[in-house]
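A.B. asks: Take a look at the letters that make up each chain.
There are 2 protein chains.
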Amino acid sequence: MTDQAFDTVIVRFGGEIGIKAAWTRKLYERRLIANIKAVLKHHNIPYTRLIRKFGRLYIKTLQADEAAEKLSSVFGVSSLSPAFETTSKLDDVVSVSIRLAGIRFQKGKRFAVRCHRVGKHPYTSQDVCRQVGQHILTSLPELNLRVDLTRPEQTIQVEVREEKAYAFTDTIKGTGGLPLGTQPKTVCLLKADVPSAVACWMTMKRGCPPLLVYFENDVVAGESAFEKVKAIAQRLMDWTIGFPRTLRIIQFGQNLKELVAKHPSEMSDLLCKRFLFRVAQRLAEMEKAEGIVTGDSLGKRATQTLHAFRIQDDALKNYPVYRPLLGFDAAEVEEFAKRIGLEDTVLKKEKNQSEVKRTKVTSIELEDIERIEDELNVEQMVEDALKTLGILRV
Amino acid sequence: MTDQAFDTVIVRFGGEIGIKAAWTRKLYERRLIANIKAVLKHHNIPYTRLIRKFGRLYIKTLQADEAAEKLSSVFGVSSLSPAFETTSKLDDVVSVSIRLAGIRFQKGKRFAVRCHRVGKHPYTSQDVCRQVGQHILTSLPELNLRVDLTRPEQTIQVEVREEKAYAFTDTIKGTGGLPLGTQPKTVCLLKADVPSAVACWMTMKRGCPPLLVYFENDVVAGESAFEKVKAIAQRLMDWTIGFPRTLRIIQFGQNLKELVAKHPSEMSDLLCKRFLFRVAQRLAEMEKAEGIVTGDSLGKRATQTLHAFRIQDDALKNYPVYRPLLGFDAAEVEEFAKRIGLEDTVLKKEKNQSEVKRTKVTSIELEDIERIEDELNVEQMVEDALKTLGILRV
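Residue numbers (the working numbering), protein chains in the order written: chain A, 37 to 430; chain B, 37 to 430.
Worth flagging that the hints you see were computed from the coordinates, not collected in a lab.
Mixed in with the good hints, there may be bad ones.
Copies of one chain are not kept apart here, so a pair can be met inside one copy or by any two copies together.
The calculated DSSO-like cross-link candidates involving lysine-lysine, where the alpha carbons are at most 27 Å apart (straight line), are [unchecked claim]:
| id | residue 1 | residue 2 |
| --- | --- | --- |
| 1 | 264 | 56 |
| 2 | 264 | 298 |
| 3 | 227 | 56 |
| 4 | 353 | 324 |
| 5 | 221 | 353 |
| 6 | 264 | 227 |
| 7 | 145 | 73 |
| 8 | 374 | 266 |
| 9 | 374 | 56 |
| 10 | 293 | 353 |
| 11 | 264 | 89 |
| 12 | 145 | 227 |
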């Protein structure tokens, strides 16, 4: 029932969007609004109007609590408040504030009223605070409240803006970042693990719609890995509402596996990664993506050294490799995973599975790798792999 | 005086080092200990012994508080505790705990005793907690303490390990990461701003000693920028004690500036960045560094788009560009800056200075840039710039 009480969600997106040049800001705001509309539609949250004003967005909906919660995961939103809208007449402000206190205030607690005012009005912000405070005390004696301006346990915020006023108690933190779609796509190499998903999310947060690619390797990884990747992809797609919900799957050619089996494992690691990068590069070309994203943290494993990265990246002639987790410790990656909501999708045993292969790549030089790749006819293998491309709706 | 009370610092470095393969772990621990010794020496903190045991390090010093604080910024350390060492005899554990409570406990507060025990002893962990708790109450009646095991305000931790025991109250969080020097060097392009320094620190945290390079450009940036960069470099070098404290300075050739002045600003931005990358690449070759690090966040400015990065990175033929802040919002970069201690060194007006130039690079293609570079004879300009290389001790 509390949901029906509010009539507005205030969406704030100041932060980084606010300091952009005028033409960029306009573009970003337009994209943000489109993404917000898509989320409301996806969750069947009806709204009557969506007003952009004062560098904010006011969404008129009777499901304001639910809308605020869902919109908190739209990239570019810095914070949200479910609110009552009324006119800037002091009587209206007071009565709507009493209504708000009646719904949200807990018995016997200390409270404060804060007011922010823009425009010309026949009263000061101080007047608003005083009037609202007094009327709450007299109108709701059963709540047994006490005014405390320095250490309140609950607060009513009143924002008076020109001829309108808004009253609310809660400010929900948004995800921040830049609106999805304000940057080109990236090819995200998704694995059945947390880091590849977090890395993908980090570039999404900065505006890049992801092109999720999974290299299926049923012999080594097994069926459960595929199920896990699907679950991860689904979770990630909850953050990209309004964009295609797809996972690209490439069969990790049997022939490749047989061939790399002939080489020492440290060599085959690099051969594999370079092969994946080559295929990813072709996908980027096909889909007009602008870079390849991996979940590497520096020094996490023996295959994640600067030396190994250099050999890996050399296989990509036209695209940079982006490693948003480069400087992260494992614990820092975990923190982000929680924030994204990946805890449930990825099982704990993952760690052991991926730690099995211990390799040492420091002694391998690029020339050795290139010689083997020539023998393998890697270019042909890349084309063969691309023929196995499947697109799964997730 | 409290400093003289303790005799030991317990240094924990479990985390990521602990899960490495045996030979890597040994290497990492050796490096960590060398770095720790360098910090103790740098701060003139005398110690009598340094014992590696139980995946920890026990430093015998009478300046334990100071040592713990200084060592908390050594990469690879997960936490530290200034402690009393004693034997595992219960009487000794009790008397050392009373001494500890006398120094650290505040009057009238609730306390608890926790015990962790490894090895064979004629008592249980429970016995330790009970005995220590009772004796503290009876020996320090003037403190007016109260035992509260569920919600203590202060806690004594006792660790009994074989024939030794340690008692402490505080656990200081370490910086985490991997010991500096366990990865190769990186060339860090330092500017008079926070992000370039944070990016550098992120790669340091993962083990890379930084090769700080500043491109001096007195016409555009002015003298104060150089002073700021020096201050930033000094602050960064506080995290690399034991490694060279140097800042490399390249004069940003007058001829280059004149030439780029002839091109539209969006073009000259890319020309500049590609030029810096080329010089950085030559420095990496000369100094055996393995990559170039920048403070770019995706989409932060018009010059920080995927398209721009692609054109920039193309100038580097042999090294990847690392952008550890790629997925960060400005606020996230600020958080790290505080943690690193960069707030004081970088003035607020920095933001405005760097925001002056607003450019749009989406329409520029690599071919246009390459054509201009051919005309400019960029290779020769790179060699000329390298001749201006100066190394400053910071």
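A.B. asks: Let me make sure I understand: some of the numbered hints might not hold for this structure. Which ones are they, in numerical order?
C.D. replies: Failing hints, ascending: 2, 7, 11 and 12.
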